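Note that the sequence shown covers residues 754 to 1266 in this note's numbering.
These are calculated hints, taken from the structure and not from any lab test. Being a predicted model, the structure only gives us computed values, none of them experimental. Mixed in with the good hints there might be a few duds.
Stated by the list, open to error - When the alpha-carbon atoms are kept at most 16 Å apart in a straight line, the in silico EDC-like pairs for lysine to aspartate or glutamate are as follows:
#, residue 1, residue 2
1, Lys859, Glu1233
2, Lys1032, Glu1016
3, Lys859, Asp947
4, Lys1142, Glu889
5, Lys1032, Glu889
6, Lys897, Glu1083
7, Lys1047, Glu1017
8, Lys1137, Asp1027
9, Lys859, Asp1247
10, Lys859, Asp1216
11, Lys1087, Glu1016
12, Lys859, Glu926
13, Lys980, Asp1030
14, Lys1142, Glu927
15, Lys1047, Glu1083
16, Lys1142, Asp975
17, Lys1137, Glu1057
18, Lys859, Asp1234
19, Lys1041, Glu889
20, Lys1087, Asp1030
21, Lys1137, Glu1244
22, Lys859, Glu927
23, Lys1038, Asp1247
24, Lys1137, Glu940
25, Lys1038, Asp1020
26, Lys1087, Glu1255
27, Lys1142, Glu894
28, Lys897, Glu1017
29, Lys859, Glu940
30, Lys1137, Glu922
Said to hold, decoys possible - For each label pair, taking beta carbons as the anchor points, the in silico distance ranges come out as:
#, residue 1, residue 2, range
31, Ala1023, Glu894, 18 to 24 Å
32, Ser934, Asp992, 50 to 56 Å
33, Glu926, Glu971, 25 to 31 Å
34, Asp1008, Glu1225, 26 to 32 Å
35, Glu1130, Asp992, 46 to 52 Å
36, Glu1057, Glu926, 50 to 56 Å
37, Ser1238, Glu1130, 32 to 38 Å
38, Glu1244, Lys1087, 39 to 45 Å
Ideal Cβ positions, reconstructed from N, Cα and C, are used throughout, including at glycine.
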Amino acid sequence: MRKPMRYGFVIAALAGIISLSACSINVDNVDIKGIGSVSENAEAEESSEPAESALNADSAEKSDPQLPAGDDPQLLSGNESDIAKNTAIEEEDIAIVPETEETNNKLDGYTLEQVVILSRHNLRAPLSSSGSVPQELTPHEWIKWSAPASELTVKGGLLETNMGQYFSEWLDEEGLISENSIPAPGEVRFNARDKQRCRATARFFASGLFPLADITVEYPGDTNNTKDFMKPAIHFYSDEYAEEVNEQVAELGGDDGFEGISEETRDAIALIMDTVDMKDSEAYKSGKYGDLLKDPTGYTMSPEEEPDITGAVKTANQVADALILQYYEEQDDKAAAFGHDLSRNDWETIGSFMTTALKIRHGAPLAAVNITKPLLEELEGELKNEDRKLSFFCAHDCTVLGTLSALGAEPYSLPGSIETMTPIGVKLMFERFRSEDDSIWYRVNLLYRSADQIRNADILSLDNPPLRYAVEFEGIETNEDGLISQEDLFELFDDSIESYYELEEEYAMDKAA
754 MRKPMRYGFV
764 IAALAGIISL
774 SACSINVDNV
784 DIKGIGSVSE
794 NAEAEESSEP
804 AESALNADSA
814 EKSDPQLPAG
824 DDPQLLSGNE
834 SDIAKNTAIE
844 EEDIAIVPET
854 EETNNKLDGY
864 TLEQVVILSR
874 HNLRAPLSSS
884 GSVPQELTPH
894 EWIKWSAPAS
904 ELTVKGGLLE
914 TNMGQYFSEW
924 LDEEGLISEN
934 SIPAPGEVRF
944 NARDKQRCRA
954 TARFFASGLF
964 PLADITVEYP
974 GDTNNTKDFM
984 KPAIHFYSDE
994 YAEEVNEQVA
1004 ELGGDDGFEG
1014 ISEETRDAIA
1024 LIMDTVDMKD
1034 SEAYKSGKYG
1044 DLLKDPTGYT
1054 MSPEEEPDIT
1064 GAVKTANQVA
1074 DALILQYYEE
1084 QDDKAAAFGH
1094 DLSRNDWETI
1104 GSFMTTALKI
1114 RHGAPLAAVN
1124 ITKPLLEELE
1134 GELKNEDRKL
1144 SFFCAHDCTV
1154 LGTLSALGAE
1164 PYSLPGSIET
1174 MTPIGVKLMF
1184 ERFRSEDDSI
1194 WYRVNLLYRS
1204 ADQIRNADIL
1214 SLDNPPLRYA
1224 VEFEGIETNE
1234 DGLISQEDLF
1244 ELFDDSIESY
1254 YELEEEYAMD
1264 KAA
């Protein structure tokens, strides 16, 4: 290959992480600015798809009857030190973050010209219907959700509309887009996957940002025949390639491979089982789901399908997804845990377990460059569009993680969040700035609500902004203001896209040989 694949993001992050043992609301007319508070304090993870929620299915596209397509549980989490660091942060330190250059104040000497956003959908309902994995594996009743399985909840719609309103204030202050303006043709673009939770998230965000405009959201299957370039599927496949990816994923477990993964996630699985009283459920006692503390974990992939996990981690992740969603939605901490007393650290352990699962499915660079290649081409096209002021793409947690992995992002753990890499509604943002000497620079950040901001449904504003985290990339330096040069950013995109074609060439040659 012309350039070695970047493995740091996956291997370093994985090893550490594993060690951690439709809405019926008229989106176009929603206005949250007058709302002083939202009664529901919990936003369980995006579980709008029946099986996805069970799996934290932000990405699941498989035909598994228990896992709806498009949402996948997060399995690759952060390491123990990351979780300890998150736990050590006082709630008051993360609930309100003053606006600084690390959050969203203007950068002196620069003019903001464009923002390209890749978003995970907001709060969805999990699969809690009859026969679902989470429903069968607990003797308790899950909370009553405000939306059908896998769809955006009422709270999710409110949160996303408010996020759009926050962007309206921020972009107005930056001088890029005036509040209550109606964008000219071609100035903005909204695109979402053809999942209710994704399309609804894009529409709610648009209604908050442009309350007076009739914004069109593109999606696969619309009248323009929009392509599904964010589908989390394997585009190139060969048996030799699949073996290499499998080996890369197994490295997460160290020398013991998948057995190591099982060993390192056992404590987290035990916590999940105890929290839902799994051993008291008739389905678990019957042996239908095996022994989650002993059964192995594996990884599978097929052409034009989404990679999947097999075994104990997959089942536990389905339950963890619904549990985290319930934590976000249920105001009472004890009720959220079915009567158990869970600490913040316990919830972070469950969230990190989900992140670990996600990393197993989508974090391996060899898989990420394959899955995200169409999306990277689309994103780069937006970044190079001189007429575009704002682009908004909405998909899943796996979409955000896979894009960062394909671009060679350094390992990270998000402070203030129990989902350490791709929390509910997170936005991967590429902001284009022009300096006083007329050169172009980019700020790449993850913008997200803290776990408390989600549970409390805090109203975001310039005085109470969401959290920001600066993304760093392997081998890329930033200037004194933390910005990446245009040349370096486009090279990251071009290298990843080129790596896809190198995969095709290398493994096609292996097959021919």
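Here is what the structure says about each hint:
1. Of the supplied pair hints, the one linking lysine 859 and glutamate 1233 holds, its CA atoms being roughly 15 Å apart against a limit of 16 Å.
2. For the suggested pair lysine 1032 and glutamate 1016, the alpha carbons sit about 20 Å apart, so the restraint of at most 16 Å is broken.
3. A hinted pair counts as satisfied when its Cα atoms are at most 16 Å apart, and lysine 859 with aspartate 947 does not qualify at roughly 35 Å.
4. With a C-alpha separation of about 48 Å, the suggested pairing of lysine 1142 with glutamate 889 is violated against the 16 Å cut-off.
5. Under the criterion of a C-alpha separation no larger than 16 Å, the hint pairing lysine 1032 with glutamate 889 is consistent with the structure, at around 11 Å.
6. For the suggested pair lysine 897 and glutamate 1083, the alpha carbons sit about 10 Å apart, so the restraint of at most 16 Å is met.
7. For the proposed pair lysine 1047 and glutamate 1017, the alpha carbon gap of about 12 Å is at most 16 Å, so the pair holds.
8. Between lysine 1137 and aspartate 1027 the alpha-carbon distance is near 51 Å, which puts this suggested pair outside the 16 Å criterion.
9. Distance restraint check for lysine 859 and aspartate 1247: the Cα-Cα separation of roughly 29 Å exceeds the 16 Å cut-off, and the hinted pair is therefore not satisfied.
10. Between the alpha carbons of lysine 859 and aspartate 1216 the distance comes to roughly 14 Å, so the proposed pair stays at or under 16 Å and holds.
11. Restraint check for lysine 1087 and glutamate 1016: not satisfied, since their Cα atoms lie roughly 29 Å apart, outside the 16 Å limit.
12. Between the alpha carbons of lysine 859 and glutamate 926 the distance comes to roughly 8 Å, so the proposed pair stays at or under 16 Å and holds.
13. Our distance criterion of 16 Å between C-alpha atoms is broken by lysine 980 and aspartate 1030, whose separation comes to about 44 Å.
14. Restraint check for lysine 1142 and glutamate 927: the C-alpha separation of about 12 Å stays at or below 16 Å, so the hint holds.
15. Under the criterion of a C-alpha separation no larger than 16 Å, the hint pairing lysine 1047 with glutamate 1083 is inconsistent with the structure, at around 31 Å.
16. Using a Cα cut-off of 16 Å, the hinted pair lysine 1142 and aspartate 975 is violated, with the two alpha carbons roughly 23 Å apart.
17. Between lysine 1137 and glutamate 1057 the alpha-carbon distance is near 29 Å, which puts this suggested pair outside the 16 Å criterion.
18. About 11 Å separates the Cα atoms of lysine 859 and aspartate 1234, which keeps this hinted pair within 16 Å; it holds.
19. Between the alpha carbons of lysine 1041 and glutamate 889 the distance comes to roughly 10 Å, so the proposed pair stays at or under 16 Å and holds.
20. Straight-line distance between C-alpha atoms of lysine 1087 and aspartate 1030 comes to about 14 Å, which keeps the hinted pair within the 16 Å bound.
21. With a C-alpha separation of about 13 Å, the suggested pairing of lysine 1137 with glutamate 1244 holds against the 16 Å cut-off.
22. Proposed proximity of lysine 859 and glutamate 927 is supported: the alpha carbons are some 6 Å apart, at most 16 Å.
23. The hinted pair formed by lysine 1038 and aspartate 1247 fails the criterion: a straight-line CA distance of about 52 Å is larger than 16 Å.
24. Between lysine 1137 and glutamate 940 the CA atoms are separated by roughly 13 Å; this keeps the pair inside 16 Å, and the hint holds.
25. Taking the CA atoms of lysine 1038 and aspartate 1020, the gap is about 20 Å. The hint is violated against a cut of 16 Å.
26. Taking the CA atoms of lysine 1087 and glutamate 1255, the gap is about 52 Å. The hint is violated against a cut of 16 Å.
27. With a CA separation close to 47 Å, the supplied pair lysine 1142 and glutamate 894 exceeds the 16 Å bound.
28. For the given pair, lysine 897 sits about 33 Å from glutamate 1017 by alpha-carbon distance, which is inconsistent with the 16 Å threshold.
29. Pair hint lysine 859 plus glutamate 940 does not hold up; C-alpha atoms about 21 Å apart against a cutoff of 16 Å.
30. With a C-alpha separation of about 25 Å, the suggested pairing of lysine 1137 with glutamate 922 is violated against the 16 Å cut-off.
31. Distance hint check: the CB atoms of alanine 1023 and glutamate 894 are about 23 Å apart, consistent with the given range 18 to 24 Å.
32. Take serine 934 and aspartate 992: their Cβ atoms lie about 54 Å apart, and the range 50 to 56 Å holds.
33. Taking 25 to 31 Å as the suggested C-beta distance range, the pair glutamate 926 and glutamate 971 conforms, at roughly 28 Å.
34. The hinted window of 26 to 32 Å between aspartate 1008 and glutamate 1225 holds, with their beta carbons roughly 28 Å apart.
35. About 26 Å separates the C-beta atoms of glutamate 1130 and aspartate 992, a value inconsistent with the hinted range of 46 to 52 Å.
36. About 44 Å separates the C-beta atoms of glutamate 1057 and glutamate 926, a value inconsistent with the hinted range of 50 to 56 Å.
37. About 21 Å separates the C-beta atoms of serine 1238 and glutamate 1130, a value inconsistent with the hinted range of 32 to 38 Å.
38. The hinted range of 39 to 45 Å is not satisfied by glutamate 1244 and lysine 1087, whose Cβ atoms lie roughly 51 Å apart.
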